[in-house]
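Just so you know, the sequences run in chain order A and B.
Note that my numbering has the first sequence beginning at 46, numbered continuously upward.
Note that my numbering has the second sequence beginning at 46, numbered continuously upward.
Calculated directly from the structure, the hints in this document are not laboratory data.
Check each hint, because a few of them may be wrong.
The list treats identical chains as one, so a pair stands whether inside a single copy or across any two.
To be verified - Result set (DSSO-like, lysine-lysine): computed pairs, CA atoms no more than 30 Å apart in a straight line:
1. Lys419 / Lys489
2. Lys203 / Lys149
3. Lys485 / Lys134
4. Lys419 / Lys109
5. Lys192 / Lys203
6. Lys519 / Lys535
7. Lys128 / Lys203
8. Lys485 / Lys342
9. Lys149 / Lys109
10. Lys161 / Lys292
11. Lys192 / Lys106
12. Lys161 / Lys419
13. Lys203 / Lys106
14. Lys161 / Lys109
15. Lys368 / Lys485
16. Lys134 / Lys106
17. Lys161 / Lys149
18. Lys312 / Lys342
19. Lys192 / Lys485
20. Lys352 / Lys312
21. Lys535 / Lys134
22. Lys543 / Lys468
23. Lys128 / Lys445
24. Lys468 / Lys128
The primary structure of each chain is shown beneath.
2 protein chains.
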Amino acid sequence: MADAGKSIADQIKEQGEVVRKLKAEKAGIDKITEEVSKLLALKAQQGTEKDEKAGGKFVLKTAKGTRDFNPRQMVIRQQAFDKIIACFKRHGAETLDTPVFELKEVLTGKYGEDSKLIYDLADQGGELLSLRYDLTVPFARFLAMNKVGSIKRYQLGKVYRRDNPAMTKGRFREFFQCDFDIAGPTDPMIPDVECVRVVTEILDSLDLSEHVVKINHRKILDGLFEACGVPESQFRAICSSVDKLDKSPWEDVRREMTDEKGLDPEKADQIGQYVLRAGQDDLVEQLLADTKLCSSKSAVEGLEALKLFFRYAELYGVKKRVKFDMSLARGLDYYTGIIYEAVLTNQNPEEGVGSIAGGGRYDNLVALFDPKAKAVPCVGVSIGIERILAILENREANLKMRTVETQVYVAAAQKNLLEDRMKICAELWDIGIKTEMSYKANPKLLVQLQTCEEQGIPWAIIIGQSELEKGVVKLRHVVSRHEEEIERTKLADVLKEKLSAQVV
Amino acid sequence: MADAGKSIADQIKEQGEVVRKLKAEKAGIDKITEEVSKLLALKAQQGTEKDEKAGGKFVLKTAKGTRDFNPRQMVIRQQAFDKIIACFKRHGAETLDTPVFELKEVLTGKYGEDSKLIYDLADQGGELLSLRYDLTVPFARFLAMNKVGSIKRYQLGKVYRRDNPAMTKGRFREFFQCDFDIAGPTDPMIPDVECVRVVTEILDSLDLSEHVVKINHRKILDGLFEACGVPESQFRAICSSVDKLDKSPWEDVRREMTDEKGLDPEKADQIGQYVLRAGQDDLVEQLLADTKLCSSKSAVEGLEALKLFFRYAELYGVKKRVKFDMSLARGLDYYTGIIYEAVLTNQNPEEGVGSIAGGGRYDNLVALFDPKAKAVPCVGVSIGIERILAILENREANLKMRTVETQVYVAAAQKNLLEDRMKICAELWDIGIKTEMSYKANPKLLVQLQTCEEQGIPWAIIIGQSELEKGVVKLRHVVSRHEEEIERTKLADVLKEKLSAQVV
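Chain A on its own, in the form it takes in the complex (with noise of 0.2 Å):
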């Protein structure tokens, strides 16, 4: 915004002036890639404004902030999903799906200063609706709508959000998320640590051990508010620059709270003495025995909770994967006990750090949408999966992957065979087998073999006149290139056969 009086040209100038000043410092990676991202995406404005006043022709792209997935994206995402739903399915949550837009009061308050990201549909006559922003509170009104009391529920979709994100760090206004959410009644904690234990089995699957899960929780979050003498109406507010924490240090956080907000710098510097800490259990029991925090019974009642939480994390398993960290915040509104944020710590520098699941419990959002405003308490967690997938897509780069299943291949070794190739691939896909031809009538023997051998299909069945006479068609297995002659009647159960056989 501060840049809109600049030309695109000069902000790169500036923005390269930047990056070349952080490499001449030798300044850390992390802070290199960001700027180097920065600097890329105005390049790319750039390249569009030029495309556009060129004559006003159409330029042909993805909308902004989002993108297509190729067929070898889609094998790595689906291979992804496949894990993450297994594991979701281990825990015995169930499905459900809901539409990708909303009634815009379905989204409205539920998501603080975020919400201005929200994407809103054109006013075309009727309804007024907007894009999900996130699937929780479609969650929370499906609840409410249905009179749902207790249900343990994954759902895969795509959110939407107005940002500006850094695509080459795997941000879009696009994105997949992949959410459990546990809801109904339970005993205290029992839900929220196999929320975290999900969290880290599912990194764990996709070979992204290296993480760690961030909680905090929201009564400590306002105990300390409240110890500090926040006034109750800036709890939010102050929140919201606690969040920034992960992004900005200490001396600009705290200068938002005290110009931009308006609070006492007495008041900040005394949040500024917890909100920097972190730990375990062992900090848990240092705040119980701190006096001017626990004069709040909320800041009492979080630290309770979370040294139930170390307890149960210590029996799932979990308990080392974890950190206390009470800068942690989260934007959203709707959260009112624990709050999670899983980020990787792993410093390989293609791979980036930062979040890539997050979530809380959130006890009143069914309430709002209930006529009668019954609440039902929830928990649940969100894995980011656009992230996971750069990582992945990155890792596999130069990986030879398959992205048709094909199994055999119905060849001709001369002129006039089409519809005996035909005929043959019906028989074929009759029984299941997956079949493919060439769609010329009259194809090259050698072309044909080659689209076996690039494709990786294993099977490749050659027809020639002479050999259809006799009754017999060639099997050739493509890898060895070793050719066997089969009766034209037993081709079926000689290909069922090898295909069972085969490791695929």
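Got chain A sorted already, so can you dock chain B onto it with the hints?
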């Protein structure tokens, strides 16, 4: 629109009369269900307006024309998707994904009269965007943008149309399409027939076997308009009138042609001589002998193409499923060759009849996106899964169906065993067994066992204090209620064995 001046109550009254009259006349079940669904829609509208008037209170609903899928519907949907995807893979297709919205320009001018049904996003600064209307146009945009000259791809995704759908008949504003397309140069009609084969394989695999695939060819339609003396500028307009013959009688369509579109009545009558005819390759032969029609080069080309089509359809074993229907026109602008539409023909009124898949050849669409107007010939088909789901849901309405896959439930026979249950769950999750337990600290044994029976969970582990001290647990087979004692240390191995032996 004509009813805009009437109150909803009046409209309901009138529509009620229409339904009563039809029933008294013993009109066709299709006509009755259609009018009943209009009545229901009016009543729903009335309900909504009442709610909205009730103190401006927020209405708890999904957006008009959209719906949630509950876990049971999701199981049915996933089973159908699995069969559809299996067929697409059997034919060698790979998959890709595109964003749910596109630049508005991408969709402009592709859908003829239906363009008014496109959802636009609000202009919140930045690009003008629209929700995708189908998967075909984004696919063509993808091919041009990535310079893909040849691909066989499938795609499952939601599309959006601001229609006034009869939701009772499985028509929605947000709905899934399952598309299969073959792009790239081929010899004539080979992939075109494979698309029909794909449709019949899918409808057969879903036990929707009573169906017919109607075909026609744009060149035959154009040739017939030419032969009947329609000016070329009116081809598309007259074509969309013909397209209405599946819903309206010839008289109404003729009136639209003459009164609304200004066609010479004599020419309309000539068109009527052709478009009401249907048959198979016999009709193709008859028309090839029709000197008037064959005065059009376009008609001859189209007829020769269908002749080849029927020959290949025979080889692919689908000829008996195909009907050459000269009234089939399909509204979309982009078709250039063969067009298809699959309809269910069974007479179970609850399952309804109507279009369940559609498609055709579109050889010029990709060129519209390519900066050098390079064409990529394409042919494809789109399966309309919502209607299929409505049928399957109706069929399975009374079947017991599991929506979770939990294999083992860890139960306690006494109080104070929460931590032991948690440890066992963690152990079983570690080895990939789908395991649940109660979220209560001290649940009643009976309630826990009831959960197992209600949810169809096959195995329960029951722990007790004295057993744990002896180093054993009880393993209960839920259906038979047979129980055996297992050494605690061998629990994981025993379960792995039981579960691998089990037919799930």
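Against the structure, the hints:
1. Lys419 / Lys489: between (71 Å within a copy, 26 Å between copies)
2. Lys203 / Lys149: both (17 Å within a copy, 20 Å between copies)
3. Lys485 / Lys134: Only across copies: lysine 485 and lysine 134 sit 20 Å apart there, 45 Å inside one copy, limit 30 Å.
4. Lys419 / Lys109: Classified as between: cross-chain Cα gap 25 Å, same-chain 40 Å, threshold 30 Å.
5. Lys192 / Lys203: both (25 Å within a copy, 26 Å between copies)
6. Lys519 / Lys535: Answer is within; shortest intra-copy Cα gap is 12 Å, inter-copy 52 Å.
7. Lys128 / Lys203: Answer is both; intra-copy 18 Å and inter-copy 23 Å each pass.
8. Lys485 / Lys342: between (78 Å within a copy, 25 Å between copies)
9. Lys149 / Lys109: both (22 Å within a copy, 12 Å between copies)
10. Lys161 / Lys292: within (20 Å within a copy, 45 Å between copies)
11. Lys192 / Lys106: The answer is between: 12 Å across copies meets 30 Å, while 43 Å in one copy does not.
12. Lys161 / Lys419: within (28 Å within a copy, 41 Å between copies)
13. Lys203 / Lys106: So lysine 203 and lysine 106 pass the 30 Å test inside a copy (20 Å) and across (20 Å) alike.
14. Lys161 / Lys109: For lysine 161 and lysine 109, both the intra-copy (17 Å) and inter-copy (24 Å) Cα distances are at most 30 Å.
15. Lys368 / Lys485: Cα proximity of lysine 368 and lysine 485: across copies only (26 Å, versus 62 Å in one copy).
16. Lys134 / Lys106: So lysine 134 and lysine 106 pass the 30 Å test across copies only (28 Å; inside, 38 Å).
17. Lys161 / Lys149: both (12 Å within a copy, 22 Å between copies)
18. Lys312 / Lys342: within (19 Å within a copy, 87 Å between copies)
19. Lys192 / Lys485: between (58 Å within a copy, 21 Å between copies)
20. Lys352 / Lys312: within (27 Å within a copy, 85 Å between copies)
21. Lys535 / Lys134: This pair counts as between: shortest inter-copy Cα distance 24 Å, intra-copy 42 Å.
22. Lys543 / Lys468: within (21 Å within a copy, 45 Å between copies)
23. Lys128 / Lys445: both (21 Å within a copy, 27 Å between copies)
24. Lys468 / Lys128: between (39 Å within a copy, 23 Å between copies)
Going down the numbered hints, you'll see the structure goes against none, and every one checks out.
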